[in-house]
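Construct the entire structure; sequences and hints are all you get.
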Amino acid sequence: SQTIHQWPATLVQPVGSPLSLECTVEGTSNPNLYWYRQAAGRGLQLLFYSVGIGQISSEVPQNLSASRPQDRQFILSSKKLLLSDSGFYLCAWKQGALYEQYFGPGTRLTVT
Amino acid sequence: GESVGLHLPTLSVQEGDNSIINCAYSNSASDYFIWYKQESGKGPQFIIDIRSNMDKRQGQRVTVLLNKTVKHLSLQIAATQPGDSAVYFCAENSGGSNYKLTFGKGTLLTVNP
Chain U
133 SQTIHQWPAT LVQPVGSPLS LECTVEGTSN PNLYWYRQAA GRGLQLLFYS
183 VGIGQISSEV PQNLSASRPQ DRQFILSSKK LLLSDSGFYL CAWKQGALYE
233 QYFGPGTRLT VT
Chain Z
25 GESVGLHLPT LSVQEGDNSI INCAYSNSAS DYFIWYKQES GKGPQFIIDI
75 RSNMDKRQGQ RVTVLLNKTV KHLSLQIAAT QPGDSAVYFC AENSGGSNYK
125 LTFGKGTLLT VNP
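These protein sequence lines map, in sequence, to chains U and Z. Numbering-wise, the first sequence is residues 133 to 244 according to the working numbering. Numbering-wise, the second sequence is residues 25 to 137 according to the working numbering.
Among the hints, erroneous ones may be present.
[Said to hold, decoys possible] Just the calculated beta-carbon pair ranges, DEER-fashion:
1) Z:GLY40 <-> U:GLN194: 28 to 38 Å
2) Z:GLY83 <-> U:PRO237: 15 to 25 Å
3) Z:LYS92 <-> U:PRO140: 39 to 49 Å
4) Z:ARG85 <-> U:ALA229: 40 to 50 Å
Since the hints were made in silico from the structure, they are not lab data. What you are looking at is a predicted structure, and each value in this text was computed from that prediction instead of being measured. Cβ coordinates follow ideal geometry from the N, Cα and C atoms, glycine included.
Structure follows, in structure tokens:
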């Protein structure tokens, strides 16, 4: 069966510091991968998605970036965090031919 | 722009009652819809999906209804239990996209014992 991991689970970072969140998927190959952000009490905002290694599509221009160095690894980064970057970050995957996405446990980021 | 939205942001029901959560969508080109359940502090969990060539689909204690005429989607939960308390999101495949889902704002379901 497939599983998706995210770490860290929680993170508190000062404004201006860098960020690196990691997501890995097990039990599948060549998945589509997604990064979402969820503000408190709000819906899911798609940030980036990837259909293959090194292929990144950005949905919302901001100070975040994403990379996919390996088939089942997706990384979300920032060089300098802003207060507005606080939120719940979710990674998701799906098989290319299907529609349904499966989510990881999320990372709670608080920028202070 | 195109969007998926929910009629009711909160819903409170008694344990054992049936729950109905509604969702409106505006993109007539969307042909796949999905419901997720998100418990506090966790990632969304797939509940049930439906394609536009269907108007009803049933799962275990859940039923999704799709009315393409009025662009309306609903999730019915039978015999609601305290463990059903969560935020429920509907999502559509963004005008027929094979890559992206557009999510609604969510409805908070609270089940009172």
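These are the hints, each one checked on the structure:
1. Take GLY40 of chain Z and GLN194 of chain U: their Cβ atoms lie about 45 Å apart, and the range 28 to 38 Å is violated.
2. Roughly 23 Å separates the CB atoms of GLY83 of chain Z and PRO237 of chain U, a value that falls within the hinted 15 to 25 Å.
3. Distance hint for LYS92 of chain Z and PRO140 of chain U: a CB-CB separation of about 43 Å, consistent with the stated range 39 to 49 Å.
4. Distance hint for ARG85 of chain Z and ALA229 of chain U: a CB-CB separation of about 29 Å, inconsistent with the stated range 40 to 50 Å.
Checked against the numbered hints given earlier, this structure breaks hints 1, 4; the rest are met.
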